[in-house]
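For the record, the sequence lines run as chains R and X. This note's numbering puts the first sequence at residues 1 to 295. This note's numbering puts the second sequence at residues 296 to 396.
It cannot be assumed that every hint is accurate.
Straight-line distance between alpha carbons at most 25 Å, and here's what the computed DSS-like set of lysine-lysine pairs gives [said to hold, decoys possible]:
#1 X/352 to R/291
#2 R/182 to X/365
#3 R/84 to R/221
#4 X/365 to R/281
#5 R/19 to R/291
It is worth saying that the hints were derived from the structure and are not from the lab.
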Amino acid sequence: MTNKSALLFPAFITDYTRKEIDTLTSNGIDFTDYVRVASDKLGIRLPDFSYDSEEYRNDELLAQVIAYLFGCAFSDLLKNNAVKPNFGAGYSMGIYANLYAAESISLEDGILIIYRAFELVNELACNGKYGMGAIIGLGVDDINDIINKSNINAEVINTNSEFSYVISGKKADVVRTLDEAKNEGALNAIPLNVNTPYHSSYLGGFANRFAKFIEFIDIKKSQYPIISTYNQRIVDSPSEIRKELVYNLTEKINWYKTMQVLLNNGVNEFYESGAGKDLSKGARFINGEFKFIRL
Amino acid sequence: MAQITEQLKKEVKEVIYEFFAEECETSIDNISDSTNIIGDLDGDSLMFLELIEIFKKKYNLNIELKTIGKYAVKHPVKTIGELINMQLLIIEHENNILTIE
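Hey, can you work out the whole structure from these sequences and the hints?
Take a look at the structure:
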């Protein structure tokens, strides 16, 4: 059987394997170079990276920046080792590192997009009234029943697998949904460390402004087909990439379907291009013959 | 209602030990009944979910995931030994697990 591979990019880092820096260094990649580029682009001195850094864990912007930089650094490692993927997909904000790996955007422009997206949605999030949560162990109908019965302002915005979902909405309502989910038998229902209702209808109002900003970013045709997490179409042209960037911020996504489309396209090897192993952990609930190659 | 035999207890223990050794990339010798799943093995709810699915298939169990979740809220599991006992109760009582004291 011919091997087909895909690069997958995480959006955030729950837990480091704590081997990331050693792996990059032993492959000739100096991660401090990436942090320096981001510092220069943002015009601030980013803190030195450490696995226990509270800033990179708790500051929403810095958490995205560091996940992006690791995604980019690991994609460079793969490139240096002649790994040529057949496809790529970015989980939520993992889209930016995916576009860097596909040579559609520069490292610097990725930082710029992350910053602008954050700045825009922060108009909504800065009052601290919004949030997200993860529910494991209930089906989507159970979660929607909770939301509908109690007239809660929260939405299921991502499906990770048949029994793993992400919700987004007003913080108090997200917390209420999580509490109700536990009462209904969820194995786990936890808030995520963000103040922004990513992928929810609350962000719909930012679509036009973000699209206008994206118009001025230099975007090239991707070097490999990217699967949209919004509607699972193949994205490779600059115009489609621009649309996808907006959809990815303001619309619901479906990681489960995205993985199924990759498998249906014959992918049987996945590389998690980033820190931690959240995506390989989640993939245990996706049916198919495939393997995750640990970096 | 399944009969819990010594053979079944041994089998369940073996499955759970082997599962965590593989998932947590550790030697089976590092696992005992008193091992804390989160503190010592860095385990998580996704692993718990996967393990439930393994047992559901292996013993053809008629039990809803949310029933197990409701039981787990009242009877939280911290160690491997506690998890083995819970799994044996699931096999024994299936969807009636919430009715037992």
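Return the numbers of the hints above that this structure violates; sort them in rising order. none
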